[in-house]
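Student: Listed below are the residues making up each chain.
Protein chains: 2
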Amino acid sequence: MDPKKNIDKSALHEQEGVESQKTLNTRSANTIKAKRKKQPSVNDLVSGIVYGDITSLSRAITLIESTNSTHSKKANEIINKCLPYANKSVRIGITGVPGVGKSTFIEAFGIHLTSIEKKVAVLAVDPSSTLSKGSILGDKTRMEDLVKDKNAFIRPSPSGDSLGGVARKTRETIILCEAASFDTIIIETVGVGQSETAVHSMVDFFLLLKLAGAGDELQGIKRGIIEMADAIVINKADGDNIKAAKSAKIEFNRALHLYPSKTSNWSPKVLLCSALKQEGISDVWKLITDYLETTKANSYFDDNRNNQNRFWLLQTIEDRLKSNFYNSEKIKSELKNQMALIEAGKTTPFAAADYLLNL
Amino acid sequence: MDPKKNIDKSALHEQEGVESQKTLNTRSANTIKAKRKKQPSVNDLVSGIVYGDITSLSRAITLIESTNSTHSKKANEIINKCLPYANKSVRIGITGVPGVGKSTFIEAFGIHLTSIEKKVAVLAVDPSSTLSKGSILGDKTRMEDLVKDKNAFIRPSPSGDSLGGVARKTRETIILCEAASFDTIIIETVGVGQSETAVHSMVDFFLLLKLAGAGDELQGIKRGIIEMADAIVINKADGDNIKAAKSAKIEFNRALHLYPSKTSNWSPKVLLCSALKQEGISDVWKLITDYLETTKANSYFDDNRNNQNRFWLLQTIEDRLKSNFYNSEKIKSELKNQMALIEAGKTTPFAAADYLLNL
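If you read the sequences in order, they're chains A and B. Going by this note's numbering, the letters in the first sequence line up with residues 1008 to 1366, in that order. Going by this note's numbering, the letters in the second sequence line up with residues 1008 to 1366, in that order.
Chain A on its own, in the form it takes in the complex (with noise of 0.2 Å):
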């Protein structure tokens, strides 16, 4: 297999579709006709898939990440028949603010992974990219070696016009990439607030990498984020900030002892590392491998993927009676009125919701 087919070209192919659609009058028939019998079928995809092949995988995700609904429909299709083959992999969401060398972390542990016979997915859920087309790992010169490496795929953040939309997307991309033999998936995000909960909604493991930085360690991290973490990761622990490094353990793992025990029964550990100079790498790895024996055994492993189906199942019912209700044309304009009416005292925000969902 050549190497550099794991750069994912499917944003290309994607481009190519929407300007068939868009351009379809315009075009001769023959043409039209050369481009259609290049799409491969759906059992064609999912064989290719099955098989191991990036270029199936690649369209396949393209056809998820479409607004189209023939692509979606096929997309659905190719799931669907996956699903037999998914479910395999060990799912692990990395996080940290920009600047704590996400992507040299992830580098140099998916190196180490693919040079222990893992096969390694790095995928992105990235909330600014639904309003910038993708930012994290847009670059992926920044993880080079890693690209160049034949049992690893990495894959860009998806866009969409929700959070919701977007974790749906990545979570069926999941479903192919464990379908494509990937058997360890890390998913990486960076951001405020919600991408980190639908992230730790979606990962077996949940890791937060941080620095040692002058003053307060504590001081802006948010709190739920390190409820969150089954470890923390002190990265660029070298050099002249080895003995910063080392502090920052004694008072991370103080605050870790602040929170309720988890219902995994594991206690979160801090791991210091260079992601530069690769050290410590392999200890993150042998900490996730203690985590997955010790939540296999109590059944926690399972309960907690079933959770998480749970959760998505509810979110996207719930999403979508919101959208479908508020996307009413008649409801957006009476909503209007109503806000009036509440403001002028001539109504209760109780009567007009009565109001409202009696149309």
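Careful, some of the hints might be misleading.
Same chains, same label: a pair holds when it works inside one copy or across any pair of copies.
[As the list claims (entries may be wrong)] Below 25 Å or equal to it, Euclidean Cα-Cα: the simulated PhoX-like pairs (lysine-lysine) are:
(1) Lys1337 - Lys1284
(2) Lys1339 - Lys1329
(3) Lys1256 - Lys1269
(4) Lys1256 - Lys1284
(5) Lys1329 - Lys1343
(6) Lys1343 - Lys1088
(7) Lys1337 - Lys1353
(8) Lys1125 - Lys1303
(9) Lys1353 - Lys1095
(10) Lys1293 - Lys1250
(11) Lys1343 - Lys1095
(12) Lys1126 - Lys1293
(13) Lys1303 - Lys1276
(14) Lys1095 - Lys1337
(15) Lys1353 - Lys1081
(16) Lys1303 - Lys1284
(17) Lys1080 - Lys1353
(18) Lys1276 - Lys1253
Calculated from the structure, these hints are not laboratory results.
Assemble chain B onto chain A, guided by the hints.
Tutor: Same frame as chain A, but now just chain B:
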């Protein structure tokens, strides 16, 4: 007016009402007619409320709290007719853990307010009451002086299926109290989590009552609740406790500085008081009037009420959309089937959601 009337007898009235429904067939027509004649009309109740008659107010609140649909219809008419007289009070939320002296504080505070010619209504939102049918404020003997005060009205927590339902009843009760010329509405709550948020979303000023304790003052306090507070009042600052209370004040002031400044432009303050000895109570009211001056001048007061109305409108719509969906018998059984298919790896949460929404 007989001060005894202020003690809420509406629970009694409600019981009578329910009984007349249940025993409809076994009673003679005459008895029923006689009972019906005693039920005041919507217009009777509205004029009673606007006149300031506590019995009318109590009866109307009982209609709000009833789950009988005829009662609800009547309640909605009354609320609508009271709206022109509403919206003119100051709404104060008071929270604090059990043992902090909330009843003693509210009694002292309420008596201070009536002594300066205010009319005070005390309501409660109690999450535990959805199970136990009313716990806080239930024991009115704890506020025996305020109960006797003819310018005070105390109403225990309504019970309900959900916090949303209880909150709605409380918000509607506020409207009636305002129409009955109560110019200061105190809403008491105790709870872990959501009830504070609900109360915060229906008041102009949110007060957190605390005790000076030994050890780490901030331990065990929900971060979100401190963040919502416009004032922290440290109660029982008397006798041997004064020194501890003073150092708690310093510590809370420091904690408050860690939060970003509020959109109200108000910097939350920490005060000491002894509700038992009635010391520091007038300072609390002085602080609230300062707050009102600031927020009415910068228009936050009105903006906040509009935002609260918008919040309750959307919240009610979304609660109802969800309950309409999940309460359908078909959905209930299909939801179980789909979850089983997901757990067996035969469908995805997203495909299952699509299926359920298309039913």
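Student: Taking the hints in turn, state whether each one holds.
Tutor: Each hint tested on the structure:
1. Lys1337 - Lys1284: Neither. Shortest intra-copy (60 Å) and inter-copy (59 Å) distances fail the 25 Å Cα cut-off.
2. Lys1339 - Lys1329: Close inside one copy (12 Å) and across copies (19 Å); limit 25 Å.
3. Lys1256 - Lys1269: This pair counts as within: shortest intra-copy Cα distance 20 Å, inter-copy 33 Å.
4. Lys1256 - Lys1284: within (19 Å within a copy, 49 Å between copies)
5. Lys1329 - Lys1343: Intra 17 Å, inter 22 Å, cutoff 25 Å: intra and inter.
6. Lys1343 - Lys1088: Between copies only: 23 Å across chains, 45 Å inside a chain, cut-off 25 Å.
7. Lys1337 - Lys1353: within (21 Å within a copy, 38 Å between copies)
8. Lys1125 - Lys1303: Only inside one copy: Lys1125 and Lys1303 sit 19 Å apart there, 63 Å across copies, limit 25 Å.
9. Lys1353 - Lys1095: between (58 Å within a copy, 14 Å between copies)
10. Lys1293 - Lys1250: Intra 24 Å, inter 52 Å, cutoff 25 Å: intra-copy only.
11. Lys1343 - Lys1095: between (49 Å within a copy, 24 Å between copies)
12. Lys1126 - Lys1293: within (17 Å within a copy, 67 Å between copies)
13. Lys1303 - Lys1276: within (18 Å within a copy, 50 Å between copies)
14. Lys1095 - Lys1337: Answer is neither; intra-copy 46 Å and inter-copy 33 Å both fail.
15. Lys1353 - Lys1081: between (51 Å within a copy, 17 Å between copies)
16. Lys1303 - Lys1284: neither (32 Å within a copy, 59 Å between copies)
17. Lys1080 - Lys1353: For Lys1080 and Lys1353, only the inter-copy Cα distance (17 Å) is at most 25 Å; the intra-copy one is 47 Å.
18. Lys1276 - Lys1253: within (14 Å within a copy, 38 Å between copies)
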